[in-house]
Amino acid sequence: MFKDLDPILHSQLRLAVMSLLISVKEAEFTFIREKTNSTAGNLSVQIQKLKDAGYIDVTKQFKDNYPQTICKITREGVAAFENYVISLQSYLKKD
Amino acid sequence: MDQSEKTLSEKESLDLIARMINKAKDACHDTGIAAIMWGAVIAVCSLVRLAELQFGFTMPFDIYWLTFVAVIPQIYFTIKEKKNRKVKAYGDEFYDYLWIGFGICIFLMIYTTSHMFNEWKPVAVEYKSLAGHSSSFRLYEYSSSLFLLLYGMPTFVTGVSMRFKPMLWGGLLCWVCCLVCLYTPVKTDLLLVALSSVSAWLIPGIIMEKDYRKAKRTLAEKHV
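Chain order of the listed sequences is L and C. Per the numbering used here: the first sequence = residues 1144 to 1238. Per the numbering used here: the second sequence = residues 8 to 231.
Some hints could be false.
To be verified - Just so you have them, the derived chain C footprint on chain L, three or more residues with Cβ under 8 Å: (1) 1151 to 1158; (2) 1170 to 1182; (3) 1228 to 1234.
Unchecked claim - Partial chain C-side listing against chain L, Cβ under 10 Å, derived: (4) Glu19; (5) Ser20; (6) Arg92; (7) Lys95.
To be verified - Quick list of in silico lysine to aspartate or glutamate cross-link-like pairs, EDC-like style, CA-CA up to 16 Å: (8) Lys32/C x Glu1177/L; (9) Lys1168/L x Asp103/C; (10) Lys217/C x Asp37/C; (11) Lys93/C x Glu1177/L.
It is worth saying that the hints were derived from the structure and are not from the lab. Keep in mind the model is a prediction, meaning the values are calculated, not measured. In this text, a Cβ means the ideal position worked out from N, Cα and C, and glycines have one as well.
The whole structure should be built from the sequences, with the hints applied where relevant.
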């Protein structure tokens, strides 16, 4: 049924991350973790998958001597997200 | 539960997207502190100057210096807010530059109008010596209109782009008062400036602050 849906996006946590990032210019890792109620380890893995797919950019830097990870959606990510939503809507229309 | 691999139905996916977008939106609320502060400062300055004219007393310092002093807490609030902010919205940079540009315009307007007053002074003196009475044209009577013209611009743009009606109406009121000030005496001008700053910044700022607190409270209750 979902064979046409992007497998990278069709998972709860990755979709949650992408939905957050589509609405903002960039967000800190801690912000995404708070909003998705996920664990740091699980979130790191999923963010890496999104990064490998080219859907997000990840910048690691230091802020007040603490490591800071900033995530930002890429153009490819925006296009993939839009396609995913269009596909979802078409499935809903079929029902 | 492995949250990442959980299979979602179409409806669940769309619900999740909507929920996350709302969460991101709630995190981008403006605190409204700067609007409250500037609305109050400009209103106080105008009303104190009005009281000086009405009751014939003089403050030991020019009350409008308060606007320069207010820049210090403004810088402090901006740095603090930016430091605590974990998320950057798309419009953040636009609003930052819009209001910085407004600040520069106000500074230049103060410099320009005071330069014009100094240039005009000898002309007024000469007119008085030749005509035997002061000219009915008083340059300073037009300064309120010029400032209100500027106040309206970033306020209106912010109100429209944020879809925040109190600021939109506040900006429009500044422009209406700008026109009215051309035909009213200085004391009325000062009242209109106070009214404009309260409507354009103080009231919208209070509404923003309330919304910000509400969003924060809601998020805390949901533990997100």
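Verification of the hints:
1. 1151 to 1158: Since 6 is at least three, the answer is holds.
2. 1170 to 1182: Answer holds; 9 residues pass the 8 Å Cβ test.
3. 1228 to 1234: Held - the stretch 1228 to 1234 of chain L has 4 residues with a Cβ nearer than 8 Å to chain C, which meets the minimum of three.
4. Glu19: Since the shortest Cβ distance to chain L is 8 Å, the answer is holds.
5. Ser20: This interface hint holds because 6 Å falls under the 10 Å limit.
6. Arg92: Result: holds, 9 Å to nearest chain L Cβ.
7. Lys95: holds (4 Å)
8. Lys32/C x Glu1177/L: holds (14 Å)
9. Lys1168/L x Asp103/C: With Cα atoms ~14 Å apart, Lys1168/L and Asp103/C stay inside 16 Å; holds.
10. Lys217/C x Asp37/C: Given that 16 Å is the threshold and the Cα spacing comes to 10 Å, the pair holds.
11. Lys93/C x Glu1177/L: holds (11 Å)
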